[in-house]
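Asker: Residue numbers (our numbering), protein chains in the order written: chain A, 1 to 367; chain B, 1 to 297.
What the hints contain is simulated information worked out from the structure, not anything from laboratory work.
Accuracy of the hints is not assured; some may be wrong.
Claimed, not checked - Partial selection, computed: residues in chain A whose CB lies under 8 Å from chain B: (1) 50; (2) 52; (3) 73; (4) 78; (5) 79; (6) 83; (7) 85; (8) 87; (9) 89; (10) 98; (11) 99; (12) 102; (13) 103; (14) 105; (15) 263.
A virtual CB, placed ideally from N, CA and C, is assigned to each residue, including glycine.
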Amino acid sequence: MTEIQLRNIDKHFGPVHVIREINLTVKDQEFVVLLGPSGCGKTTTLRAIAGLEDIDSGDILIDGKPVQNLHASERDVAFVFQNYALYPHLTVYENMAFPLRAVRQNREEIDKTVQSVATSLGITGLLNRRPSALSGGDMQRVAIGRSLVRRPKAILLDEPIGSLDAKLRESMRVELKRLHIENGSTSIYVTHDQVEAMSLADRIVVMHEGLLQQVGTPDDVYRYPANIFVAQFVGSPIMNMAAADISEGSSGVSVSLGGVSFAFPAALSGKLKEAGAQKGKVMLGVRPEGVLLSHEPKDGYVEVTSGIIEPLGSHDIVDLKVGDIVLRARTKSGFVAGPGLKVWARIDPAQAHFFDTTSGSSLEIRL
Amino acid sequence: MMTTLSPSSRAATRGWSDITIRNLFVIPTVAFLIIFNVFPLLYSLGFSFTDFRASSKAPVNFVGLKNYTDILADPVIWRSFSTTLWYVIVSVTGQFVVGFGLALLLNRPIPGKGFLTTLLLLPMMLSPVVVGLFWKLIYDPSWGILNYALGLGKTAWLTDANLALYAVAITDIWMWSPFVMLLSLAGLSAVPKHLYEAASIDRASKLYTFFRITLPLVAPILLIAVIFRTMEAFKTFDIAFVMTGQPQAELISSRLYKMAFAQWQTGPASALAYIVLIMVLCITNIYVKYLNKAKER
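Pulled out of the complex, with its shape left as it was, chain A reads as follows (with noise of 0.2 Å):
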């Protein structure tokens, strides 16, 4: 049973300041990934529970207790680097072992724990080579096989695979996910890609500018972002953006966008004034899939021009010019055949996000 709580977390470096009031509970064996582009203090909060790093203000607290003032090596948590940190003196069994060693705990029990941890991680043929004889994805396994030989209470990992190749990644994103089902241990993971966060989280934390964004299930994050932030970070690729020029006709709502005018359902206006959007100052986003289609004029389709195709194999992404902007659009692969044709477009009301301009935030309209 591990739990981690943030309270008011607070942090400066110099005149920057890093991390401002983050709030968070870490559930016990919750997998939770915080995600957020470089510089977003995801790695110094991190760092911080890990006891790496200092704070200004605020508590850390791991199952109830207080641990802000504690040194790292009391606080009983794993942390797995970016750049692995492997002893470069010490043979992979031995690395593995330094925990265990560093604690004194007797030889058998030490020899039995790396053993089994080696053989769960597939690296038992590599155990008397040192770190330099390794691979990436290898010392990675090793980095980690050396955070779990000590049941900690917590794993934390920062962007233990981001400096794989992208083949190695993703199995080893696969095998990331099997040993936290097998272990089942508290784990916050930090990481600027999005796709790895949304197949390992359970929770996905998105930070910006030092400030939580968004805390939620991938699923959450990625339908319903709170603000425009998280809904252009998250997702690949990123959200449609624009103004909108919201105004009610006789047959419904016209959402204008560059322009061109889309339809839809006349309960918009309503849950606007509701949401208490302001004339002018609402953003429209939707991703690419919410673009609907059609090679002839259909009932709610607008005509639009083809752009550049991006053929991606199962799909393609292609660039609508609507009025004096573009749209880019998910569609069948060569659904469009190239650039400069004509195609009907449509904005999936379902799958449309309407944002405050001024705040950012999202209005949470649902159609």
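Model the placement of chain B on the given structure of chain A, informed by the hints.
Answerer: Chain B alone, transformed into the frame defined by chain A:
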């Protein structure tokens, strides 16, 4: 030519190839080495098998290994060797302990670190003769500051056969600890910070971290420092000569000096020099073996 050319292209316009340029640098160096190092080395090897005296015009006779066997049978020289060995052990150990200790103290954020480091390096930059002379003053039995400060009466540091070696060693330690400190500092600052972070996450105590992480990682550079200092200590001459003149307990280099230039036994002195050379080579070889082992990691 209107455009400015880089040096290499200027050389190229003169028709100099890379090989010519390389030779231009290498040939003078090689010539210098041959004239001043290799030739005397071989020439003195020749002397070591003769009864040559640089001070006399008497005919030179080949005596075979006699010089070597004489030296190895001479108890005075053996005493010199053991004195030297003990001196090397005391001096190098002292330099290692003081130098590495200073480096550990300096290897942390302290105000005025740069200035302090420079200050500590000063002894190393002085001339050994100057160092010897003013330590002689410090050790002076009747008015030296050491006896005064420690209240030791009239302890004759430099003329007492038992004390002189330690007195000289202390001077050597004072002078050369900064060298060990400098190399140790370089080694310590090269240990990546994240390894210390990893060790603290792994619940290692300060002491455990020092012995399991710091020491093994700086060992190679420490060994280099020790190799240098051992070789130097073996041939300590200047400080000892200036401080003690002609003592009873001689270092091997003093003995060599006496044989070569006071007694003009050029042949036997050459033989002794070769024996010392071989000993130093043996000792450094042991170190180098350890060094290679340490570097394999």
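Asker: Confirm or reject each hint.
Answerer: Hint by hint, here is what the structure shows:
1. 50: holds, 6 Å
2. 52: holds, 5 Å
3. 73: Holds, because the Cβ-Cβ distance from residue 73 of chain A to chain B comes to roughly 4 Å (cut-off 8 Å).
4. 78: holds, 6 Å
5. 79: holds, 4 Å
6. 83: Result: holds, 6 Å to nearest chain B Cβ.
7. 85: Hint on residue 85 of chain A: holds, closest Cβ of chain B at ~4 Å, below 8 Å.
8. 87: holds, 6 Å
9. 89: This interface hint holds because 4 Å falls under the 8 Å limit.
10. 98: holds, 5 Å
11. 99: Holds - the Cβ of residue 99 of chain A comes within 8 Å of chain B, reaching about 4 Å at its closest.
12. 102: Holds - the Cβ of residue 102 of chain A comes within 8 Å of chain B, reaching about 4 Å at its closest.
13. 103: holds, 5 Å
14. 105: With a closest approach of 11 Å, the residue 105 of chain A hint is violated.
15. 263: Given a least distance of 57 Å, the restraint on residue 263 of chain A is violated.
Of the hints listed earlier, those the structure fails to meet are numbers 14, 15, in rising order.
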